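Start from the sequences and build out the full structure, keeping to the hints where you can.
Protein chains in written order, with our numbering: chain A, 1 to 114; chain B, 1001 to 1117.
Take the hints with a grain of salt, since some may be wrong.
Below, computed lysine-lysine pairings styled on DSS-like, alpha-carbon distance capped at 25 angstroms [to be verified]: (1) B:K1073 with B:K1109; (2) B:K1078 with A:K11; (3) A:K57 with B:K1104; (4) A:K11 with A:K57; (5) B:K1078 with B:K1109; (6) A:K57 with B:K1109.
Hints listed in this document are in silico derivations from the structure and should not be mistaken for laboratory results. Bear in mind that the values here come from a model prediction, so they are computed numbers and not experimental data.
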Amino acid sequence: GAGVSQSPSNKVTEKGKDVELRCDPISGHTALYWYRQRLGQGLEFLIYFQGNSAPDKSGLPSDRFSAERTGESVSTLTIQRTQQEDSAVYLCASSFGTGNQPQHFGDGTRLSIL
Amino acid sequence: AQTVTQSQPEMSVQEAETVTLSCTYDTSENNYYLFWYKQPPSRQMILVIRQEAYKQQNATENRFSVNFQKAAKSFSLKISDSQLGDTAMYFCAFMKLSGGSNYKLTFGKGTLLTVNP
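See the structure below:
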């Protein structure tokens, strides 16, 4: 597709379950980002992938959060043993390189933990 | 560390009028970008306009323009001839250009703009 694609669009799960969120970046974009947006807040940086370089995981809030990306393709964000405070919209973005290259965002996954 | 502050949680404007959204930031960096993103109910973040800090000329994109005051660390967005489709959350964001982490966007908390018919 032409844009960043994220799935699922919405996810409701029980506290303690694991969830996996998917992001399909724009073809050719080497950089991929995950952000979290809590209700009424701006976006918080979670993790950054650039090509085959080691990812910047400095924004991950706890060891329950992890993310993977194979090459320059799809990325998955996994949250283990979900807690209610994990409820948020998780947004993925990609860009053609970094620096002055704009980040293009997907529509996000709204995660609700019961 | 950088911080971005949007002091107006909500604003409203009548269709066809002009509105200005405020943003201030704090940084010790000299080379950076500033952005305004729009987030309609669809949730997708859409880039509205961006400004390179080294450029003195204010950026413009059709009905959208910025007032960039580097010394004051202020970056306001002016929307002219407001349209109903401009109704959205607007986020101001900062990104440094040099050194490590020159890819992280730091966002403000947003301003909800409602355009009334």
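How the hints compare with the structure:
Distance check on the hinted pair: K1073 of chain B and K1109 of chain B sit about 17 angstroms apart at the alpha-carbon level, within 25 angstroms; holds. With a C-alpha separation of about 36 angstroms, the suggested pairing of K1078 of chain B with K11 of chain A is violated against the 25 angstroms cut-off. Proposed proximity of K57 of chain A and K1104 of chain B is supported: the alpha carbons are some 12 angstroms apart, at most 25 angstroms. Proximity of K11 of chain A to K57 of chain A is assessed by CA-CA distance (about 23 angstroms); at most 25 angstroms being required, the pair is judged to hold.
Our distance criterion of 25 angstroms between C-alpha atoms is met by K1078 of chain B and K1109 of chain B, whose separation comes to about 18 angstroms. Our distance criterion of 25 angstroms between C-alpha atoms is met by K57 of chain A and K1109 of chain B, whose separation comes to about 22 angstroms.
Hint 2 alone, counting from the list given before, is not met by this structure.
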